[in-house]
Amino acid sequence: MITFVLIRLVRAVVTVLAVMTFAFVVLRMSGDPAQVLLGPDLPQEAVDAFRKEWGLDAPLWQQYLSYFRAILSGDFGLSMRDRSPAIELVLDRVPATLQLTLPALLLKLGIGIPAGIYAALHRDSAVDRGVIFLAILGFTIPSFVMGLVLVLIFAVTLHWLPSGGIGTWQHALLPAITMSIGGIGILARFSRSAMIEVMGQPYIRTASAKGVRWQDVVRGHALPNAAVPIVTIVGFMVGSVISGAVVVETIFSWPGIGRLLIVSVANRDLAVVQCILLIIAAVMVVSNLVVDLLYGWLDPRLRAQPAH
Amino acid sequence: MIRLNRRHALGLMGATAGTLVLPGYLRAQGAARPSITIAVQKITNNNTLDVWNEQSNVGERVFYPNLWEGLILRDWMGDQGPVPGLATEWHRVDDQTLELKLRQGVKFHNGDEMTAEDVAFSFSPERVFGDTEPAGGKTIFAADYKPETAKDIPASLPGIGRRKWPSLAGVEIVDRYTVRFHNATPDVTLEGRLYSGGSQILNRRAWDEADSYAAWADKPVTTGPYYVEDHRPDVSLTLHAFDDYWGGRPPLERITFVEVPEVASRVNGLLSGEYDFACDLPPDQIGVVMNTDGFEVQNSTIWNHRISVFNTGNEILADPLVRRAMTHAIDRDAIVQALWGGMTVIPAGLQFESFRSSDMFIEGWTVPEYNPQLARDLLKQAGYKGDAIPYRLLNNYYTNQVPTGQILVEMWKQAGLNVEIEMKENWGQIMDFSTQAGVRDWSASNTINDPITPMVTQFGPNSVPQQRGEWTNDEVNTLSQVMETSTDRAKRKQAFARMLEICEREDPAYQLLHQNAVFTGMRSDLNWKAAPAFAMDFRAENWRVDG
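Protein chains in written order, with this note's numbering: chain A, 1 to 308; chain B, 1 to 547.
I should point out that these hints are in silico values taken from the structure, not numbers from a laboratory. Certain hints may be false.
[What the hints assert, rightly or not] Cβ-Cβ distance ranges computed for the label pairs, FRET-style:
id	chain 1	residue 1	chain 2	residue 2	range
1	A	P224	B	E425	45 to 51 Å
2	A	V283	B	G287	40 to 46 Å
3	B	E117	A	V14	57 to 63 Å
4	B	R232	A	F22	26 to 32 Å
5	B	P147	A	V286	36 to 42 Å
6	B	N395	A	W214	55 to 61 Å
7	A	L91	B	A334	47 to 53 Å
8	A	L293	B	E425	39 to 45 Å
9	B	V263	A	T140	24 to 30 Å
10	B	R232	A	V14	36 to 42 Å
Quantities reported herein were computed from a predicted structural model and do not represent experimental measurements. Even for Gly, the Cβ is constructed at its ideal location relative to N, Cα and C.
The whole structure should be built from the sequences, with the hints applied where relevant.
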């Protein structure tokens, strides 16, 4: 078990390092940050002075070493736009993002999984077909279309809810719903498939033949075995809780991490982008680590297998 | 001797009580003033509210005239000419010196009175110029300047400051209410420079007391009719009425700018009643707003022309005949009609109507005529073989930029030119001249009533195209000197006319497309008018309350 955990920890650290390095190089190779931030109108002297101020005139490897050393000492750098500490800018946006992503996650889990299981247990019924239809509809309609349709109906036409911005709980309703619809569809489909597969296994037939109550067969034998693929998907969803939703936050003018990421990438605000990516990578890696450990807990056979 | 009876005494007591209570009552009445919310695509580009640091069109909208004010103001709702602001009068001491009398009793948002001390500090090395020196000194720009403390100004500021004030030697405090601007060279545009973006006055005490430049630039203390109540970068900016404003009580309690990057979201928010104004509407959204009861769209052409710049480092474009052919192949009127619904104009070359007020408008000058046959003939003379000319394009950084680019490419094709669009993500990629460049889009702004902006600032010897090696012309550089230092108006006008000939005909530096325009959706029950600028004027003169 210790080897199992250690190997996954090493993988996690390597993944975070890879994300860090990749983001660092790509951001600097895709347009001079000084020119991006200062625009096309300022004199060359201003651009040169900006480069010097932020160390952009140094060779790339030197910049990387400085960045790496700073990160190790807990210094995430300053925003090149207004000199605010990058970590403060990012953490300032976390609560807003969580206000959307956590309710959205609850909706996905609370509706998607039960709907999928119910459909699987009533396979080929009208309810099953209805769930499949809605699930496909949910995850095939892009969130920017869904968001705008909801705004048109509930904000512009009915005037029931705000069309965007942050403030009251009503402001969070439309974006949270928009954000959850795709995930509900995905979870419903995965849960249904997993349950159908498990329900066809010999041990389910055996349990039924032994006279175990149907509810107990489902609860005691089907659900735990169907949980492994569902946990994988839920793990990804939990991991993306911090990254917010770039599209939804933009449509609804929601000041979360997603919008900060878009603005910072567009402005090549290097420290802020790197800080966001580092945090997202760390949360995603931890989430996957937990999922890996859960696999071992859910399915004891995995613990005995060597890691690949 | 004054004799008081009981009635007089009661009257006096009443008057005294009224004196004490009335201001509070009036302020309470102030609370009843309306507040408005304005949806904009971007509040500021760099998250600061510093006029020197944020030299953008979006910055102009949130700064002027509601927050920042200069000694001389731009007449936003009129002819854009100079009007008295924090200075009541000014006169020339000589060609290089301008003396201004300050308005007395002007209060900053922190209650301090504005004095010559604040004015001098606003143009000091500590505030903007760093270790630079005026033209003629050892250096113009601060190549080696680097901030060492959090209080130091950003490294790019001195360069920006010297572009606006290349020869300012210093500001002398004559007395508490009199200052003198000393220039190192003669300059007829000193007054104009005083009302261009950056030359506004800040409160010195607030600067000194701020922990850092970032903290100061987040909520600068100024003299405008509204003060910064709340600033959440990239999210919102709330300005609150400043009732001690020298120009009278502001008509609005609060102005909140909210950043709504998506145009559909701005329009939806306006129509659903969340926003009172939705800015930065593209022309194709005008119908949606106009066809909804209770809403209207105000449009105005602004002091900004859309142009594209030639890179003569490209061996095809090195030949002026090819560049001339490109300028003659464009049917500008078709672009204005097709993409702008005719709601903007084709200017008389790189000129603005504002030049007329300083008698610098060149009458009879026009953009190159649309003449595809002439374009074909010029290409033939140039021996053009059909090699590709790259055209770097951003994704609608300018309104209608991509469709305009596509139309241009087709028009050039009709004349026999092979122009290939290269989509780029940002200005860093556009301005990367380590690879073959050809044509790029740009815009040219006029900030004072003189053609020095944009002609000299954008195409003179210290301009970006010349500094970056896109284009240069010795005669234009000599004429730029005349424009900057001569006090002979006739000579300056002649120099400008010649610069137009060179830059638009003989050795084209750019091709002019059309004047830019802005479209603002708003509730039609609001009695407010859009200025011919990005700036939104919410002073009492431009906000009428019915009834």
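Open item on the list: Hint compliance check: list the failing hint numbers for this structure, sorted ascending.
Closed with: none
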